[in-house]
Structures are given as structure tokens and as C-alpha cells.
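Below, each chain spelled out in residue letters.
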Amino acid sequence: MRFKFPLVALGLEVGMIVLFGLFVQYETEQNTLQQLNITKPTDTGRFLELYPLFQDVHVMVFVGIGFLMTFLKKYSFSGVGINLLIAALGLQWGTIVQGVLHSYGQTIHIGVENMIHADFSTVTVLISFGAVLGKTSPVQMLIMTIVEIAVFACNEYLVDEIFQASDTGASMTIHAFGAYFGLAVAGILYRSGLRKGHQNQESVYHSDVFAMIGTLFLWTFWPSFNSAIAEAGDKQYRAIVNTYLSLAACVLVTYAISSLLEKRGKLSMVHIKNATLAGGVAVGTCADMEIQPQSSMMIGSIAGIVSVFGYKFLTPFFATKLRIQDTCGIHNLHGLPGVVGGLAGIAAVGMGMSNTTTMAMQAAALGSSIGTALVGGLITGLILKIPIWGQPSDENCYDDSVYWEVPKKRDYDSHFHDHGELNPEV
Amino acid sequence: MRFKFPLVALGLEVGMIVLFGLFVQYETEQNTLQQLNITKPTDTGRFLELYPLFQDVHVMVFVGIGFLMTFLKKYSFSGVGINLLIAALGLQWGTIVQGVLHSYGQTIHIGVENMIHADFSTVTVLISFGAVLGKTSPVQMLIMTIVEIAVFACNEYLVDEIFQASDTGASMTIHAFGAYFGLAVAGILYRSGLRKGHQNQESVYHSDVFAMIGTLFLWTFWPSFNSAIAEAGDKQYRAIVNTYLSLAACVLVTYAISSLLEKRGKLSMVHIKNATLAGGVAVGTCADMEIQPQSSMMIGSIAGIVSVFGYKFLTPFFATKLRIQDTCGIHNLHGLPGVVGGLAGIAAVGMGMSNTTTMAMQAAALGSSIGTALVGGLITGLILKIPIWGQPSDENCYDDSVYWEVPKKRDYDSHFHDHGELNPEV
Amino acid sequence: MRFKFPLVALGLEVGMIVLFGLFVQYETEQNTLQQLNITKPTDTGRFLELYPLFQDVHVMVFVGIGFLMTFLKKYSFSGVGINLLIAALGLQWGTIVQGVLHSYGQTIHIGVENMIHADFSTVTVLISFGAVLGKTSPVQMLIMTIVEIAVFACNEYLVDEIFQASDTGASMTIHAFGAYFGLAVAGILYRSGLRKGHQNQESVYHSDVFAMIGTLFLWTFWPSFNSAIAEAGDKQYRAIVNTYLSLAACVLVTYAISSLLEKRGKLSMVHIKNATLAGGVAVGTCADMEIQPQSSMMIGSIAGIVSVFGYKFLTPFFATKLRIQDTCGIHNLHGLPGVVGGLAGIAAVGMGMSNTTTMAMQAAALGSSIGTALVGGLITGLILKIPIWGQPSDENCYDDSVYWEVPKKRDYDSHFHDHGELNPEV
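Chains as they are written, first to last, in the UniProt record's numbering: chain B, 1 to 426; chain X, 1 to 426; chain H, 1 to 426.
Hints were generated in silico from the structure; no laboratory data involved. In this text the structure is predicted, and so the values were computed from the model without any measurement. You may find that some hints are simply not true.
Unchecked claim - Covered stretches of chain X, as calculated for chain B (at least 3 residues, CB under 8 Å):
| id | region |
| --- | --- |
| 1 | 5–16 |
| 2 | 52–62 |
| 3 | 83–95 |
Stated by the list, open to error - No farther apart than 20 Å at their CA atoms in a straight line, the calculated lysine to aspartate or glutamate pairs in the EDC-like style are these:
| id | chain 1 | residue 1 | chain 2 | residue 2 |
| --- | --- | --- | --- | --- |
| 4 | B | 408 | H | 113 |
| 5 | X | 4 | B | 262 |
| 6 | B | 408 | H | 202 |
| 7 | X | 385 | X | 290 |
| 8 | B | 4 | H | 262 |
| 9 | H | 235 | B | 113 |
Ideal placement from N, C-alpha and C gives every residue a C-beta, glycine not left out.
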């Protein structure tokens with residue numbers, strides 16, 4: 001066991017370097033122009049235009065999702081740290097897999113759009129990671145990264161190139177996919193020993209505040225996520241505006257429903273941290289369409305309602321009846337809102353000038369995303385269930401100290417800053 | 001009481017959706033070009049140029065101000081959470097109110113500039129929120145958001161269209177306005193039961209570090225705030241440079257004065273967290289003018305001095321003599337530096353090629369901003385004083401657990417991470 | 001002592017204002033075009049193109065490095081607060097010193113590139129600050145800022161203008177320089193009283209999570225750091241891609257080696273927080289060259305290995321044998337990876353179409369960076385050793401309360417949130 005993790009990690013990195021050596025080259029200026037959908041010639045600095053959007057997505061992946069996962073009282077190191085590990089591997093592997101598929105085996109010219117797509121592909125794994133947070137080993141997560149991104153890239157190719165469906169903000173291909181993949185894995189990895197919960201599976205005051213760092217960066221930059229790969233011009237603009245409005249509406253509704261469902265009208269931090277983001281998920285598929293601002297706000301509102309109800313009623317139901325323990329409640333933040341997004345996309349396409357074939361293709365995209373996710377997740381779960389990956393025992397779940405050197409003492413000794421005045425010398 | 005908050009929040013969101021349905025449409029390419037003050041034809045992706053500035057402002061509103069308000073030891077959830085609630089409502093309402101005023105009742109074409117203005121309008125409420133932090137209910141804050149943004153938009157229209165005054169970085173229309181509005185509300189809501197302070201009205205070590213997240217994002221992105229709506233080209237460039245330099249100078253002076261005024265020459269976190277930002281406030285009005293770099297630095301220095309003195313001497317004076325309890329000291333961060341900014345604007349205009357009429361108009365803008373704020377704040381305070389909004393009792397002030405489900409246990413149990421070594425199975 | 005810090009700080013700010021009055025003016029449009037290396041005429045808003053890159057660097061300096069330094073359990077205020085103080089002084093002084101050198105005494109026209117260079121110059125000091133963190137007074141840091149940036153600017157001038165060496169991401173001129181300067185200072189300021197360590201020189205659980213905020217913003221925005229002053233077009237693009245890939249590879253290798261070297265295969269937060277960034281440092285010098293993606297990844301991998309080994313073996317060796325106490329381990333994050341970067345630059349230039357002269361110049365640049373740093377650091381150390389700067393006693397090291405008003409009580413009293421349910425009135 002001692003050398004399993006380092007050898008797997010090193011081996012994967014060596015593999016990535018070899019694959020990059022074989023398949024990846026720099027972008028040339030000509031390619032950049034084509035890639036950005038720019039028809040008329042323009043100046044060479046043009047790729048800088050998308051770079052701020054890429055950086056927003058980059059912050060979402062590493063800071064946003066990373067800190068959202070720090071909420072458990074003894075599992076913050078793993079939350080933010082394994083997130084970094086997964087994402088760093090995922091973006092390399094995602095570049096290769098997506099690049100090979102979309103370039104039909106030709107050389108991949110890595111540009112800003114590839115980097116955005118690579119970051120996107122990591123998001124699917126990070127979503128799934130949320131379902132099994134605290135119950136898996138780093139080696140398991142490396143394996144899941146490799147398998148899930150491969151499956152994701154195939155489904156995304158199907159949706160994009162075969163069905164030619166719209167999914168700009170990736171409600172279906174990332175959010176629904178990542179959620180149902182993760183739920184399938186969590187189902188296979190079900191631990192009956194945790195069916196009554198675990199004393200470590202709770203937050204403390206400050207870990208919830210740390211998680212809000214993640215929430216707010218995700219919330220703020222979500223318009224960039226949904227617009228980063230949209231067609232330049234009006235579509236990209238609409239993707240920004242629709243997401244901005246959907247999220248704003250989602251916040252008010254989330255607060256309202258949370259207060260409505262909780263005892264004595266109080267707000268639940270679990271809802272606020274998560275469900276306020278559901279509006280960004282749900283508006284993704286039709287973000288670049290002319291759905292009108294008020295429709296974005298309605299989609300955001302519905303997403304908030306669905307998400308809070310999910311946290312309140314579905315997560316306990318899943319854990320007890322379906323034997324799926326979903327640590328972060330990804331079904332409520334990504335699964336259901338992703339399905340809402342897929343359905344909204346079908347409806348939006350239907351109300352546009354499209355014919356029923358287009359609607360059917362959107363529906364096929366949604367079905368394919370959920371279907372491949374479930375199959376891929378089941379297979380991955382079976383691989384991860386093999387008892388050789390250094391899984392934590394039930395008792396040691398949700399505890400950093402299995403995989404990390406952790407400061408031994410609790411936060412402060414009782415005399416912290418309680419001594420007399422200190423003074424500079426002299 | 002149980003249903004008051006959810007019903008108000010839901011009702012407001014429904015209202016917003018209806019208003020957007022009636023008044024708001026997407027921007028068209030032609031409108032975008034006009035809105036960005038671009039005279040010659042250009043490519044369609046141009047609105048992306050302002051988008052990074054918008055995102056900086058967006059981060060300031062949600063992460064910056066949000067985390068600045070987490071400093072109270074038991075009120076961090078509300079600090080960052082109610083900030084999010086106010087801002088999400090405010091940006092929708094601000095889009096409507098400002099849009100209707102500036103488009104003279106015509107359809108509002110929502111573009112990046114509208115989004116920046118909408119975010120700006122929320123800042124006034126978030127500033128005022130700082131004065132009453134810990135002593136009000138979520139319902140009260142929703143009401144304040146609606147009233148304050150309406151008054152703000154009227155004053156901003158007055159300053160902009162009637163007085164035609166300069167106020168690029170909004171020292172007067174946002175900072176002074178938000179501060180005096182909030183102080184008026186706090187004055188009306190005075191609680192004699194808290195005149196000797198409250199045991200919860202203090203920070204702990206880590207809550208101060210959380211607040212520094214807010215400070216640093218505000219400090220870093222303030223050049224974007226002051227330049228986001230400046231005229232493209234030289235003016236926008238100067239707004240960035242002047243703000244950058246004013247803030248840098250403000251930091252050194254703040255540290256110096258804090259050490260000078262505190263016992264034994266120590267630094268006060270209250271000063272460092274807040275007064276270092278005063279340079280951004282005070283340079284706002286004349287940020288885009290040719291005041292020369294050294295003048296920006298002088299304005300920043302003066303703002304730092306004024307702000308630290310305010311925290312040290314004025315806030316206690318306000319609380320005891322004027323019966324205005326200003327939780328975050330917004331008068332010192334936004335009020336006084338905003339007035340400094342307004343005065344600097346008058347002086348800068350006077351030293352330019354302008355005549356006395358222009359100076360008078362700047363002075364009128366300052367007067368109008370403070371005047372409408374005080375009147376609006378008094379009226380709002382009277383509305384909020386009606387004892388039906390679920391206000392916390394004096395005893396329960398500055399405590400999240402009135403409105404939030406809060407982890408019951410304190411941060412860590414005494415055996416935290418103190419058990420023997422944990423190991424992965426197998 | 002009481003007035004030393006405020007007077008030094010105020011005096012320095014007055015000096016800066018005078019110097020800006022004498023030497024600095026606004027950029028004009030014509031200058032901006034030249035500065036951005038744009039050959040053909042373009043529109044006036046063009047400087048906005050570099051502004052997002054500047055803002056990324058700005059966040060790295062103030063949030064990134066600031067929070068990376070909050071890891072000590074009782075020294076978070078100083079970590080993030082003195083970082084802000086140094087950087088605010090440094091960017092003003094850096095503008096002057098670099099501007100005077102590069103404009104040959106002519107007026108400095110401050111533009112976005114100056115602001116990026118000014119932020120860069122502060123980074124050298126902030127790196128050196130890491131070596132002496134917890135053992136120095138604010139006055140000492142102000143002095144170090146002034147001296148170090150002057151020496152840095154001279155070396156940078158030498159490297160840039162005389163040797164004409166490549167160092168886009170500043171592996172040599174910033175990272176190696178800042179590290180060896182800091183180590184020299186730390187060597188002179190060696191405290192034998194701390195040779196067995198200090199009870200405060202450790203992190204607690206949450207302070208490590210705070211530090212991860214810094215790590216992640218540095219990691220995310222490092223491609224902007226390495227590309228911000230690259231030549232527009234292909235070089236800037238390559239600087240972004242190479243850094244992005246180097247960092248990703250570095251993460252996997254860092255995790256692997258950390259697990260390999262630690263007891264029982266666990267991960268060390270010290271390694272994860274720091275060594276994951278070494279890939280950004282090491283790829284700096286040749287970031288804009290056509291080294292091919294896989295080479296970036298190899299450089300990142302080597303940097304990760306070197307850095308983790310450094311933390312594990314060199315830092316203790318330095319402290320005990322060389323009498324250099326390096327608080328943050330800057331030698332492992334900036335020193336060694338900076339040297340790796342310099343060597344990679346020599347190799348990359350050698351493999352290109354360059355002759356041996358170019359390689360020699362690269363080598364000269366590396367030698368000059370380390371040499372001037374050591375000499376400058378030794379002299380600075382001797383100045384700082386004079387016992388009049390309010391140094392903390394050995395006992396009071398790593399403790400904020402020497403220079404800050406700190407909340408007296410520990411994080412939470414034992415009854416925190418443990419009372420009965422609170423309710424809104426009415």
C-alpha cells in the first residue's frame with residue numbers, strides 16, 4: 001500500500017507527458033483564428049479575448065469547487081487538496097481525449113478553447129467526487145478521473161457531433177452527466193456501516209464559511225462558464241446575461257424555500273451554499289438562446305426550488321431507501337438542475353423556429369448524458385470496489401488524517417493570546 | 001412570523017420576473033456599440049472588452065463586501081449570506097429602476113453597462129447594511145433594498161443628467177449616499193439596550209482573517225470599480241492608474257496612523273481591514289480627470305488619515321452622543337472618504353479649465369447625494385422600525401442562530417485529531 | 001520606539017509622493033501603443049487588453065502571496081497584513097526605480113506595463129519576506145523593501161539590457177533573486193535562540209486552509225504572471241500554455257513525492273501548499289519559447305521533485321548546519337526552482353538556433369541574479385541587524401500580538417452556539 005499512490009500518480013504523469021509528446025503541438029495563428037470562429041482577419045493578440053473567460057473558469061474549478069468541498073469539519077485538506085489533484089490530472093487527460101476525438105486522430109493544436117474544454121472535462125469528475133467525498137482514497141480518485149473523462153468525452157462527442165444538440169453551458173453533458181456518474185459510483189460503493197451517519201460528517205462554523213468562498217466564486221463566475229465556449233457575438237452575450245439573471249433569481253427563491261422548509265423558518269447553510277448555484281446549472285443548455293430575460297429568471301427560480309427540495313427530502317431518501325450516500329448532495333445541485341436544464345433546452349428549441357427533429361435531438365442528448373453516466377459510473381464503481389486501492393475503513397471516513405499529516409492539536413490551546421502584553425525589544 | 005420572510009422574498013422575485021417581462025429585452029449589436037461609446041464600427045465581440053471589468057466589480061460585490069462582513073464572531077453566516085441575498089435582489093431591481101429612468105420608460109436593452117450599473121446600485125445598500133449589521137432581520141434588509149435603490153437611482157439621475165456632474169468612481173452617489181442613508185436608518189433604529197455594547201459585537205482571530213479576504217479583493221479590484229463606467233480611452237486609463245496609486249498611498253498612511261493612535265504603537269485590525277480601502281473611495285469622483293499621479297496619492301493619504309481618525313474617535317462619539325450605532329463603521333470607510341472625494345472633485349474641476357458653474361454643479365451633486373440619503377434613510381428607518389419584521393431582540397443581536405441553523409458544537413471538540421495514527425485499510 | 005514605525009512609514013509615503021511629482025506622468029495614447037509592442041494603429045481602448053493580466057498578477061501579489069503567509073497559528077494577521085504593507089510601498093518604489101532606469105532619467109509615463117513591472121518588483125521582497133517571516137518588525141520590512149527593490153531593478157536592468165537574456169516569467173530575476181536575497185538576510189539575522197524551533201512556529205488546521213486560498217490563486221493565475229510582459233502574439237500565447245501545463249504536471253509529481261517521503265505514505269500540507277507552485281517558477285525563463293508542451297511538463301515535474309526534496313531535507317539542513325532559518329522554505333519554492341528555470345532557459349536557448357554567446361548570456365543572467373541577491377541580502381541583513389528597529393525577542397517570535405491588537409480570547413468560548421434556540425421577536 002505504501003507505494004501504491006505515489007507510483008500510480010507518477011506513472012500517470014509520465015503517461016501524460018508521453019501522450020502530449022505524441023499528440024499535442026502549439027497552436028499557430030491561423031488555427032487560433034479558426035478556433036475562435038472569427039471569419040475576418042484580425043490581429044494576433046486576439047486569443048487574449050477569451051483568456052479572461054478561461055481564467056474565470058479556472059478559478060471556478062480550483063478555488064470554487066475546491067473550497068465548496070472544505071465544509072466537513074475534519075476533511076477540509078482532502079476537500080480542497082484532492083480537488084486540486086483530480087483537476088490537475090483531469091485537465092491533461094481531458095486535453096488528450098477530447099483533442100483526439102475532435103481532431104480525428106490528427107495533431108492537437110492546443111489553444112485557449114482546448115484549455116477551456118479541458119477545464120470543463122475536469123468538472124465532471126469533481127462533481128462525481130462530491131458524491132463519494134470522505135469515503136474514497138486518492139488512488140481511487142485518480143482512477144475515476146481517467147475513466148470518467150474518457151466516458152465524458154465520448155458522450156460529449158455524441159451530443160455535439162452526432163446529435164448536434166445545443167448545450168452551451170453543459171447542463172446535460174457536464175452537470176447531469178457528472179451527477180449521475182457519481183451517484184452510480186456511490187451506489188456501488190455503498191457502506192452499510194455509515195447508514196446511521198458518521199460523527200465526522202458535519203460542518204463546524206468556520207468550515208461553512210470556508211465553503212462560502214467556493215460558493216461565491218462559483219456564483220460570480222458562472223456567467224463565464226456558460227459563455228466561454230459560446231459562439232462569439234450575440235450568443236456569447238446572451239449566455240452571460242441569461243446566466244447572470246438566472247442566478248440572481250435563484251438566490252431569492254433558494255432563501256425563501258429554505259426558510260419555508262426548515263424548522264422555525266431558519267435558513268440552512270447547506271441550501272444557501274449549494275442551491276443558490278442551481279440557477280447556473282439549469283440555464284446552461286439554453287443559455288445562448290433567445291429565451292428572453294424573464295425566462296432565464298424563471299428557470300433559475302425553478303432550479304432553486306427543485307434543489308432545496310432535493311436537499312431536504314431526496315438526499316435522506318437516497319441514503320436510506322436507494323442505498324446511495326451522496327456526501328455533497330450533488331444530485332440536488334447538478335443532477336436535478338441539469339435535468340431541468342435539459343428539459344428547458346428541449347422546450348426552448350421547441351418554441352423557436354426548430355422542428356421536432358431538433359427537439360428529439362435535444363432529448364437524445366439528455367438521455368445519452370444520463371445513460372452513459374449511469375453505465376460508466378456503475379463500471380467505475382465496480383473497479384473502485386476492488387479492495388486494493390487503500391480505501392478508508394468506515395470508522396476513518398471523513399477524516400483527513402488517514403491520508404494527510406494533520407496538526408495534532410486542536411485549533412487553539414486554551415491560553416491562546418491570553419498571556420500579558422508582548423512588546424518589541426529595546 | 002414563520003412565513004413572512006419566504007413570502008416577501010418569493011413575492012419580490014415574482015415581481016422582478018414580471019417587471020423584466022414588461023421592460024427588459026436583450027441588447028442588439030447596434031445598441032452595444034452605442035452603449036460602449038464606440039464611434040467607429042467594430043466587431044461583434046466588442047462587449048467582451050468591458051466584461052472583465054464587470055467581473056471584477058461582481059467579485060467585489062459578492063466576495064469582497066461579503067467577506068468584509070464576516071468579522072463578527074457569531075455573525076459570519078449572516079454577514080456573507082445576507083450580503084448575497086441583498087445583492088441578488090438589488091441587481092434585478094437596480095436594472096429596472098435605473099433602466100426605466102435612463103431610457104425614459106422605453107424598453108431597457110440589457111448590456112454589460114447595465115449589469116455594471118446594477119451591481120453598483122447594490123453597493124449602496126450593502127454599505128448601508130454595514131451600519132445595521134447584526135441588528136436587523138432579513139425581511140428588513142429586503143425592504144431597505146427596494147427603497148434605497150429607488151432613492152439612489154433618483155439621486156444618480158439628478159447628479160448625472162441634471163447637474164451633469166462628474167462622479168466616475170461614485171464617491172458621492174454610491175459611497176457618501178450609502179453611508180448617510182445607512183447612518184440615518186441606524187439612527188432611527190437606535191437600541192438603547194446596546195449602548196454599553198454587546199458581548200457578541202467582537203471578532204475572533206479567524207473571523208478577522210476571513211474579513212481580510214474581503215478587504216484584499218476590494219483593494220485589488222477597486223481600479224476596475226472606478227473605471228468600469230468611465231469613458232473608453234484616456235479617461236478609463238486614468239481612472240485605473242489614479243485609483244491604483246491612491247490605494248497604495250492609503251495603505252502606508254493607514255498603517256502609520258493606526259500605529260500612532262493605538263496603545264503602545266500596535267496596529268488595529270479594524271483600521272487595516274477598512275481604512276486601507278478609503279483611498280479607493282476618495283479618489284472616485286475625480287478618478288478619470290487629469291489630476292496627476294501625485295495628487296491621487298495625496299487624496300489616498302488624506303482618506304487614510306480621515307478614516308483611521310474616524311474609527312478611533314467618531315464611531316464611539318456617534319454611538320454615545322448621536323445615538324447612531326454604526327456596526328462596521330461605514331461612516332469612516334464610505335461617508336467621510338466619500339465627502340473627501342466630492343470635495344476633491346470640486347477642487348479638481350476648479351483647477352481645470354472649468355468655470356464656477358461646473359464647480360457649483362459638483363457641489364450640488366455632493367449636497368444632493370447626502371441630502372437625499374438622509375431623507376431616504378430616515379423614512380426607511382421609520383418603515384423598518386414597525387415591529388412586524390422579525391427584528392432580533394437586543395440580547396439576540398449579532399448572533400446568526402436567530403435566523404440560521406448553526407452547528408451546535410463549538411469549533412472542535414477537545415480530542416480533535418488527537419487520536420492515534422489512522423491508516424488506510426488493507 | 002513608539003513613533004519609529006509611523007514616522008518611517010509616513011516619511012516613505014511623503015517621499016514617494018515627491019518622487020512621483022518629479023518623475024511620473026500619465027501615459028499618452030501614442031506611448032501606450034509603443035509600450036504594448038503594437039505596430040499597426042489601433043483603437044484607444046487597447047490598453048484594456050493587458051489589464052486582465054495585470055489584475056491576475058495583482059490578485060497573486062495581494063491575495064495569493066498574502067494568504068499563503070497566513071499558515072502560522074498566531075501570525076496570520078502579520079502574514080497577510082505586512083504582505084499588504086510591503087506590496088503597497090513596493091509598487092510605488094518599483095515604479096520609480098524601474099522607470100528611472102528604463103527611461104534613462106526621462107519622465108516616466110505610467111501605463112499598464114509599468115504597473116505590471118511594479119507589481120513584479122514587489123514579489124521579490126515578498127519572497128524574501130517569507131524567509132524572515134515571524135522574526136522581523138514592520139520597520140525592518142519597510143527598509144528591506146526599499147533596498148531590495150533598488151538592487152532588483154539594477155540586476156533586472158543588467159539581465160534585460162546588457163545581457164539581453166530571456167526571462168519572461170522571471171525565474172531568475174524575481175524568484176532566484178528574491179530567494180537568495182532572503183536567505184542571505186535570514187543568515188545574517190540568524191537567531192541561535194530558535195535553533196530548537198519555537199512553539200509558535202506551526203500551523204493549525206484552519207490556518208493551513210487559509211494558506212490554501214493563497215496557493216490556489218497563485219496556481220490559477222500563474223499563467224498570467226509568466227505571460228504578462230511577454231511579446232504580444234505567439235510568445236504570449238506560448239507563455240500561457242507552457243505555464244498551464246507545467247503547473248498541472250507539477251501537482252501530480254508533488255503529491256507523489258510528498259507521499260513517498262512522508263511517514264506511512266501520507267501527504268504533507270507544507271509540500272502541497274508550496275511545491276505545487278514550483279512548476280510555475282521553473283518554467284518562467286523559457287515560458288515564451290518553443291520548447292513544446294511535453295518539455296513544459298517535464299520542467300514542471302522536475303520542479304516538483306526538487307521542491308519537495310528541498311522541504312524534506314534541505315530546510316532542516318539549512319537551519320541546523322548553515323544557520324539559515326527559512327520560515328516559509330522559500331529556497332524550495334523559489335530558489336531551487338528558479339535555478340532550474342535558469343538552467344532550463346540555457347538549455348532551451350542552446351537547443352534553439354542560438355549560438356553559444358546567447359547561452360553564455362543566459363548563464364550570466366542566472367549568475368548575476370544570484371550574485372547580486374547574495375551581496376544585496378548580506379548588506380541588507382547587516383542594516384536590519386542594528387538593534388534599533390523594534391525586532392521581536394526570540395520568545396515573542398511568530399506572534400502577532402507584538403505588533404497587533406489581537407482578540408484576547410481564543411477562538412470560541414466553550415458555550416459557543418450551545419445555548420437554547422434563539423428566536424426573532426414578535
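Now for the hints, and whether the structure bears them out:
Against chain B, the region 5–16 of chain X contributes 8 residues with a C-beta closer than 8 Å to a partner C-beta. That satisfies the three-residue criterion, and the hint holds. Three residues within the 8 Å Cβ limit are the bar, and the region 52–62 of chain X against chain B gives 5, so the coverage statement holds. Check on the region 83–95 of chain X: 6 of its residues sit with their Cβ under 8 Å from a Cβ of chain B, so the three-residue criterion for coverage holds. For the given pair, residue 408 of chain B sits about 46 Å from residue 113 of chain H by alpha-carbon distance, which is inconsistent with the 20 Å threshold.
Straight-line distance between C-alpha atoms of residue 4 of chain X and residue 262 of chain B comes to about 14 Å, which keeps the hinted pair within the 20 Å bound. Annotation: proposed proximity of residue 408 of chain B to residue 202 of chain H holds, straight-line Cα distance about 10 Å (limit 20 Å). In summary, the hint linking residue 385 of chain X to residue 290 of chain X is not supported, as the alpha carbons are separated by about 46 Å, beyond the 20 Å threshold. Simply put, residue 4 of chain B and residue 262 of chain H have alpha-carbon atoms about 14 Å apart, close enough for the 20 Å limit, and the pair holds.
A threshold of 20 Å between alpha carbons decides the hint, and for residue 235 of chain H with residue 113 of chain B the separation of about 17 Å falls inside it, so the pair holds.
Violation of the numbered hints given earlier is confined to hints 4, 7; the remaining hints are satisfied by the structure.
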